[in-house]
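Q: What follows is the residue order along each chain.
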Amino acid sequence: LAKTTQPISMDSYEGQEVNITCSHNNIATNDYITWYQQFPSQGPRFIIQGYKTKVTNEVASLFIPADRKSSTLSLPRVSLSDTAVYYCLVGDTRMDSSYKLIFGSGTRLLVRP
Amino acid sequence: DAGVIQSPRHEVTEMGQEVTLRCKPISGHDYLFWYRQTMMRGLELLIYFNNNVPIDDSGMPEDRFSAKMPNASFSTLKIQPSEPRDSAVYFCASSRDRVNTEAFFGQGTRLTVV
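Protein chains in written order, with this note's numbering: chain A, 1 to 113; chain B, 1 to 114.
In case anyone wonders, no lab produced these hints; they're calculated from the structure. Backbone N, C-alpha and C define an ideal beta-carbon position, used for all residues, glycine too. Heads up, a few of these hints could be off.
Between beta-carbon pairs, the in silico distance windows are [what the hints assert, rightly or not]: (1) Arg-96/B to Asp-67/A: 25 to 33 angstroms; (2) Asn-30/A to Gly-16/B: 23 to 31 angstroms; (3) Ser-41/A to Gly-16/B: 21 to 29 angstroms; (4) Tyr-99/A to Pro-81/B: 29 to 37 angstroms; (5) Pro-81/B to Glu-17/A: 21 to 29 angstroms; (6) Thr-76/B to Glu-17/A: 18 to 26 angstroms; (7) Asp-63/B to Ser-79/A: 40 to 48 angstroms; (8) Pro-8/B to Asp-67/A: 44 to 52 angstroms; (9) Glu-17/A to Pro-70/B: 25 to 33 angstroms.
Once the Cα atoms are required to be at most 27 angstroms apart in a straight line, the calculated DSS-like pairs of lysine-lysine come out as [said to hold, decoys possible]: (10) Lys-100/A to Lys-78/B; (11) Lys-52/A to Lys-69/A; (12) Lys-54/A to Lys-3/A; (13) Lys-24/B to Lys-78/B; (14) Lys-69/A to Lys-54/A; (15) Lys-100/A to Lys-24/B; (16) Lys-78/B to Lys-68/B; (17) Lys-100/A to Lys-68/B; (18) Lys-69/A to Lys-100/A.
To give a feel for the contact side, a few chain A residues facing chain B, derived at Cβ under 10 angstroms [stated by the list, open to error]: (19) Ser-12; (20) Thr-29; (21) Gln-38; (22) Glu-58; (23) Ala-60; (24) Phe-63; (25) Ile-64; (26) Arg-77; (27) Met-95; (28) Phe-103.
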């Protein structure tokens, strides 16, 4: 079974770069790793998705090493509005070939002025 | 599009009562997901549908839980009978063309069973 591990919380200051790592072993071989952001009283919101190496969009970068046992979400120059919980999401292909999506436990990011 | 629409936003019910949560996915999306979120267990996938057909319901905790998708624009999650441990926020999400792609979540239904 795939398992994910994320830091429970992180603190940062406005303008800094924040890197949040998710460890995930036994994930589906040919599947994407996805990250979501969640604000209080809202549903998760998609940030970025990647399969390997590096992916960048207008809000974040995602780094995935060759062994795909972890992924790092990088938020450049965070602002107060980036205070939220961040989740990784991976796919798990089981022995019976069934497929399951597994959310990480979430990292609570606090951005201070 | 208005996004994924869930109703009700809040539900308070007594133990033993039937609860029905509703979801309207984004038009054109082939996949629909039901998640449950609690402090203890985080975000858990309960069930997902592809083109209105349930694909994986292994996350449904017990027979008290059931989900249906009678058409492409509507799904329900029913709990009968409800128990206090079912108290959680239930999210519905939809995605376009594969199971692990950008999913759009609704605002959730906060269920409290007393």
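Q: All hints, please: hold or fail.
A: Now the hints, each set against the structure:
| no. | hint | in the structure |
| --- | --- | --- |
| 1 | Arg-96/B to Asp-67/A: 25 to 33 angstroms | holds, 30 angstroms |
| 2 | Asn-30/A to Gly-16/B: 23 to 31 angstroms | violated, 45 angstroms |
| 3 | Ser-41/A to Gly-16/B: 21 to 29 angstroms | holds, 28 angstroms |
| 4 | Tyr-99/A to Pro-81/B: 29 to 37 angstroms | holds, 31 angstroms |
| 5 | Pro-81/B to Glu-17/A: 21 to 29 angstroms | violated, 50 angstroms |
| 6 | Thr-76/B to Glu-17/A: 18 to 26 angstroms | violated, 44 angstroms |
| 7 | Asp-63/B to Ser-79/A: 40 to 48 angstroms | holds, 47 angstroms |
| 8 | Pro-8/B to Asp-67/A: 44 to 52 angstroms | holds, 45 angstroms |
| 9 | Glu-17/A to Pro-70/B: 25 to 33 angstroms | violated, 48 angstroms |
| 10 | Lys-100/A to Lys-78/B | holds, 21 angstroms |
| 11 | Lys-52/A to Lys-69/A | holds, 11 angstroms |
| 12 | Lys-54/A to Lys-3/A | holds, 22 angstroms |
| 13 | Lys-24/B to Lys-78/B | holds, 15 angstroms |
| 14 | Lys-69/A to Lys-54/A | holds, 14 angstroms |
| 15 | Lys-100/A to Lys-24/B | holds, 23 angstroms |
| 16 | Lys-78/B to Lys-68/B | holds, 8 angstroms |
| 17 | Lys-100/A to Lys-68/B | holds, 19 angstroms |
| 18 | Lys-69/A to Lys-100/A | holds, 17 angstroms |
| 19 | Ser-12 | violated, 22 angstroms |
| 20 | Thr-29 | violated, 13 angstroms |
| 21 | Gln-38 | holds, 9 angstroms |
| 22 | Glu-58 | violated, 14 angstroms |
| 23 | Ala-60 | violated, 13 angstroms |
| 24 | Phe-63 | violated, 19 angstroms |
| 25 | Ile-64 | violated, 14 angstroms |
| 26 | Arg-77 | violated, 24 angstroms |
| 27 | Met-95 | violated, 13 angstroms |
| 28 | Phe-103 | holds, 4 angstroms |
This entry does not satisfy hints 2, 5, 6, 9, 19, 20, 22, 23, 24, 25, 26 and 27, going by the numbered hints stated previously.
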